[in-house]
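Undergrad: Here is what each chain is made of, one letter per residue.
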Amino acid sequence: MDSEAVKKAIIKQVQLESNMNNAKQLIEKINENCFQRCVPKPGSTLSSSESTCATSCMEKYMAAWNLVNASYVKRIQQEVHNNGFAT
Amino acid sequence: MDSEAVKKAIIKQVQLESNMNNAKQLIEKINENCFQRCVPKPGSTLSSSESTCATSCMEKYMAAWNLVNASYVKRIQQEVHNNGFAT
Amino acid sequence: MDSEAVKKAIIKQVQLESNMNNAKQLIEKINENCFQRCVPKPGSTLSSSESTCATSCMEKYMAAWNLVNASYVKRIQQEVHNNGFAT
Amino acid sequence: AELRQFIGNETQRAKIQTQTHSMTEICWTKCIPASSKGNKLDSSEQSCLANCVDRFLDLNLATLKHLSSLRN
Amino acid sequence: AELRQFIGNETQRAKIQTQTHSMTEICWTKCIPASSKGNKLDSSEQSCLANCVDRFLDLNLATLKHLSSLRN
Amino acid sequence: AELRQFIGNETQRAKIQTQTHSMTEICWTKCIPASSKGNKLDSSEQSCLANCVDRFLDLNLATLKHLSSLRN
Numbered sequence: 017m018d019s020e021a022v023k024k025a026i027i028k029q030v031q032l033e034s035n036m037n038n039a040k041q042l043i044e045k046i047n048e049n050c051f052q053r054c055v056p057k058p059g060s061t062l063s064s065s066e067s068t069c070a071t072s073c074m075e076k077y078m079a080a081w082n083l084v085n086a087s088y089v090k091r092i093q094q095e096v097h098n099n100g101f102a103t
Numbered sequence: 017m018d019s020e021a022v023k024k025a026i027i028k029q030v031q032l033e034s035n036m037n038n039a040k041q042l043i044e045k046i047n048e049n050c051f052q053r054c055v056p057k058p059g060s061t062l063s064s065s066e067s068t069c070a071t072s073c074m075e076k077y078m079a080a081w082n083l084v085n086a087s088y089v090k091r092i093q094q095e096v097h098n099n100g101f102a103t
Numbered sequence: 017m018d019s020e021a022v023k024k025a026i027i028k029q030v031q032l033e034s035n036m037n038n039a040k041q042l043i044e045k046i047n048e049n050c051f052q053r054c055v056p057k058p059g060s061t062l063s064s065s066e067s068t069c070a071t072s073c074m075e076k077y078m079a080a081w082n083l084v085n086a087s088y089v090k091r092i093q094q095e096v097h098n099n100g101f102a103t
Numbered sequence: 005a006e007l008r009q010f011i012g013n014e015t016q017r018a019k020i021q022t023q024t025h026s027m028t029e030i031c032w033t034k035c036i037p038a039s040s041k042g043n044k045l046d047s048s049e050q051s052c053l054a055n056c057v058d059r060f061l062d063l064n065l066a067t068l069k070h071l072s073s074l075r076n
Numbered sequence: 005a006e007l008r009q010f011i012g013n014e015t016q017r018a019k020i021q022t023q024t025h026s027m028t029e030i031c032w033t034k035c036i037p038a039s040s041k042g043n044k045l046d047s048s049e050q051s052c053l054a055n056c057v058d059r060f061l062d063l064n065l066a067t068l069k070h071l072s073s074l075r076n
Numbered sequence: 005a006e007l008r009q010f011i012g013n014e015t016q017r018a019k020i021q022t023q024t025h026s027m028t029e030i031c032w033t034k035c036i037p038a039s040s041k042g043n044k045l046d047s048s049e050q051s052c053l054a055n056c057v058d059r060f061l062d063l064n065l066a067t068l069k070h071l072s073s074l075r076n
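Protein sequence lines, in the order shown, are assigned to chains F, W, V, D, E and P.
Here my numbering is used: the first residue of the first sequence is 17, the next is one more, and so on.
Here my numbering is used: the first residue of the second sequence is 17, the next is one more, and so on.
Here my numbering is used: the first residue of the third sequence is 17, the next is one more, and so on.
Here my numbering is used: the first residue of the fourth sequence is 5, the next is one more, and so on.
Here my numbering is used: the first residue of the fifth sequence is 5, the next is one more, and so on.
Here my numbering is used: the first residue of the sixth sequence is 5, the next is one more, and so on.
To be clear, the hints were calculated from the coordinates, so they are not data collected in a lab.
As the structure is a computational prediction, the values presented were derived from the model and not from experiment.
We put the CB at the ideal spot given by N, CA and C, even for glycine.
Treat the hints with caution; some may be incorrect.
Sample of chain P residues lacking proximity to chain V, with all beta carbon distances greater than 10 Å (derived) [to be verified]:
{"hint": "1", "residue": "48"}
{"hint": "2", "residue": "70"}
{"hint": "3", "residue": "71"}
{"hint": "4", "residue": "72"}
{"hint": "5", "residue": "73"}
{"hint": "6", "residue": "74"}
{"hint": "7", "residue": "75"}
Below, in silico cross-link-like pairs of lysine-lysine (BS3-like), each with a Cα-Cα straight-line distance of 25 Å or less [what the hints assert, rightly or not]:
{"hint": "8", "chain 1": "F", "residue 1": "45", "chain 2": "D", "residue 2": "41"}
{"hint": "9", "chain 1": "E", "residue 1": "44", "chain 2": "E", "residue 2": "34"}
{"hint": "10", "chain 1": "F", "residue 1": "45", "chain 2": "F", "residue 2": "90"}
{"hint": "11", "chain 1": "W", "residue 1": "90", "chain 2": "D", "residue 2": "41"}
{"hint": "12", "chain 1": "E", "residue 1": "19", "chain 2": "F", "residue 2": "28"}
{"hint": "13", "chain 1": "F", "residue 1": "57", "chain 2": "W", "residue 2": "90"}
{"hint": "14", "chain 1": "V", "residue 1": "57", "chain 2": "V", "residue 2": "45"}
{"hint": "15", "chain 1": "D", "residue 1": "34", "chain 2": "W", "residue 2": "57"}
{"hint": "16", "chain 1": "W", "residue 1": "28", "chain 2": "W", "residue 2": "57"}
{"hint": "17", "chain 1": "D", "residue 1": "19", "chain 2": "F", "residue 2": "40"}
{"hint": "18", "chain 1": "W", "residue 1": "45", "chain 2": "D", "residue 2": "19"}
{"hint": "19", "chain 1": "V", "residue 1": "45", "chain 2": "P", "residue 2": "19"}
{"hint": "20", "chain 1": "E", "residue 1": "69", "chain 2": "V", "residue 2": "57"}
{"hint": "21", "chain 1": "D", "residue 1": "34", "chain 2": "D", "residue 2": "19"}
{"hint": "22", "chain 1": "D", "residue 1": "44", "chain 2": "W", "residue 2": "45"}
{"hint": "23", "chain 1": "V", "residue 1": "90", "chain 2": "W", "residue 2": "40"}
{"hint": "24", "chain 1": "W", "residue 1": "45", "chain 2": "W", "residue 2": "57"}
{"hint": "25", "chain 1": "W", "residue 1": "57", "chain 2": "P", "residue 2": "69"}
{"hint": "26", "chain 1": "E", "residue 1": "69", "chain 2": "E", "residue 2": "19"}
{"hint": "27", "chain 1": "P", "residue 1": "69", "chain 2": "V", "residue 2": "40"}
{"hint": "28", "chain 1": "V", "residue 1": "40", "chain 2": "V", "residue 2": "28"}
{"hint": "29", "chain 1": "V", "residue 1": "45", "chain 2": "V", "residue 2": "90"}
{"hint": "30", "chain 1": "P", "residue 1": "69", "chain 2": "P", "residue 2": "19"}
{"hint": "31", "chain 1": "P", "residue 1": "19", "chain 2": "V", "residue 2": "23"}
{"hint": "32", "chain 1": "D", "residue 1": "34", "chain 2": "F", "residue 2": "45"}
{"hint": "33", "chain 1": "E", "residue 1": "34", "chain 2": "E", "residue 2": "19"}
{"hint": "34", "chain 1": "P", "residue 1": "34", "chain 2": "P", "residue 2": "44"}
{"hint": "35", "chain 1": "D", "residue 1": "34", "chain 2": "D", "residue 2": "44"}
Excised from the complex, chain F in its bound form (with noise of 0.2 Å):
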C-alpha cells in the first residue's frame, strides 16, 4: 500500500464514520420528535393513524434538517463574502 492508497484510505474512513455519526443523531431526533408529537397516549400497538402520523412526522421532519442545513451554510456564505469571517 503507497502513501497515496493510505491517504485515500484515511479519508474514506473519516468521512464514513461522521456521516454515521450525523445519520445517528438524526434519528435520535427524529425518534424523540415524532414519538412525542404522534404517540401522545402509547397503548399495546401502535394504532394505523398512529404510524400514518410517524411516516409523515419522519419525511418532514428530514425535509426540515436539509432545509435548515442549506439555509445555515447559505448564511455562513453570505457572512464570509460580507465580513471575511464566518459568524
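Following the hints, position chains W, V, D, E and P against chain F.
TA: Below, chains W, V, D, E and P without anything else, positioned relative to chain F:
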C-alpha cells in the same frame, strides 16, 4: 498478584464505575423531573407538601426506571430470538 | 524558560480555556432561551420589539446566572461549614 | 478472551442503561401525570410505561426501515 | 498538508451538522404545528424554517456584539 | 504539589459552573415569566432565583438521603 487476581480486580473496578455512573445519571434525572413537578414556585423553605411530593416522586421515578429497563431488556431478547439481531 | 515560568504558563492556559468554555456554554443557553422567548414566529427580519426583548432577555439571563452561581457557592460554603463536606 | 467478552457485555449494558434513562424521561411525562397520588405506580401507569417502551421501539424500527427503503 | 486541510474541513462540517441538529429541533417546534398535514412541508412551513434559521443567527450575532460591548 | 492543588480547584470550579448552567435554566423558567419587563431583575425575581437554588439543593440532599436509607 497473579493474573487471575488482576483480572478480577479489573472486572470489579469496571462494574463499580459503571454502577456509580448509572446511579449518578438516575439521581440527576430524578432531581430535575421531581423538582420541576413538586416545586412550582420556590419559597423560603421546602414546604411539607413539597417534601411529600418529592419523596413520592423519587420512589415512582425509580420504579418507572426499573420497569422501563425490564421492558427494554425483554424486547431486546424477543428481537434477538425472532430475528437473530438486536435493534 | 524555568520551571516556575512553565507552571505559570500552564495555569494561565487552563484558566483561559475554562473561561472560554464557560462563556461558550452561557452564550448557547442565552441564545436558546431568549430565541424561544423573544421570537415566537420568525419573520423575514428581526423586528425592533424582538430586538428589544432579546437585549433585555440576555441581560437578565446573565444577571440570573451570576445570582444562581453566587447562591450556589454560598450554599456549598455553608454545607462545608456545618457538616465538613460539600454536597 | 474472557476479559474481552466482559468488556463487550459491559459496553452493551452501558448502552442499554443510557437508552433506559432517555426512555424513562419520555415515558414518565406521558404516563405519570402530575396529579398521580401515592408512593407506588398504579396498574394503569405500569401498563402505560410498558406500552410506551414498546411503541417507542416500534417507532425506532419503523424509522430505520423507512430510511433504508429510501436508500434503495 | 492535503490531509490536514481535509481534517480541517471535516471538523467544520461536523460543527455545522451539530448546529443544524439543534436549530432543526428548535425551528421544528416553532414552524411545524402538530396539526400539519401531509408528507411534505408546505410553502409557509418552508419559509418559516428559513426565517427561523436566519433570525436565530441574527440573535446569536446580537448576543456576541452585546457581550463584547460590555467587555469594553 | 502546587500545580496539583490548582488542577483540583479548577476541576471543582468547572463542576460548579456546569451545575450553575443547569440550575440557571431551570430557575429562569420558574422565576422569570415571559411577561417580565425591563433590563434588570426585580427584587421578587431575585429572591425567587435564590430560593430556587436553595430548594433545588434541598431536594438533591433529600434524594441522596432517601437513596442511602433504601440501601441500608
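Undergrad: For the pair supplied as a hint, residue 57 of chain V and residue 45 of chain V, confirm whether the alpha-carbon distance does not exceed 25 Å.
TA: This hinted pair holds, its Cα atoms lying about 20 Å apart.
Undergrad: Over 10 Å from every CB of chain V: does residue 73 of chain P meet that, or does the non-interface label fail?
TA: The assertion about residue 73 of chain P holds, with a minimum of 16 Å to chain V.
Undergrad: Take a quick look at whether residue 34 of chain D and residue 45 of chain F sit within 25 Å of each other, Cα to Cα.
TA: holds (18 Å)
Undergrad: Taking 10 Å as the cut and beta carbons as the points, is residue 48 of chain P off the interface with chain V?
TA: holds (13 Å)
Undergrad: Would you check the hint for residue 44 of chain E and residue 34 of chain E, treating anything up to 25 Å between C-alpha atoms as holding?
TA: holds (17 Å)
Undergrad: Measure nothing beyond the straight line between the CA atoms of residue 19 of chain E and residue 28 of chain F; if it is 25 Å or shorter, mark the hint as holding.
TA: Holds. Residue 19 of chain E to residue 28 of chain F sits at ~19 Å (cutoff 25 Å).
Undergrad: Given the hinted pair residue 45 of chain F and residue 41 of chain D, is their Cα-Cα distance within 25 Å?
TA: The hint is violated at about 32 Å.
Undergrad: Hinted pair, alpha-carbon criterion (25 Å max): residue 45 of chain W, residue 19 of chain D. Please report holds or violated.
TA: holds (17 Å)
Undergrad: Between residue 44 of chain D and residue 45 of chain W, does the CA-CA distance stay at or below 25 Å?
TA: Holds, at roughly 18 Å.
Undergrad: Just checking, residue 74 of chain P versus chain V, shortest CB gap more than 10 Å?
TA: The claim holds: residue 74 of chain P sits with its nearest Cβ about 18 Å from chain V, beyond 10 Å.
Undergrad: For the pair supplied as a hint, residue 34 of chain D and residue 19 of chain D, is the alpha-carbon distance within the 25 Å limit?
TA: Holds, at roughly 23 Å.
Undergrad: Check the hint pairing residue 45 of chain V with residue 19 of chain P against an upper bound of 25 Å on the C-alpha distance.
TA: OK: residue 45 of chain V and residue 19 of chain P at ~17 Å, within 25 Å.
Checked against the numbered hints above, the structure breaks hints 8, 11, 16 and 27 and satisfies the rest.
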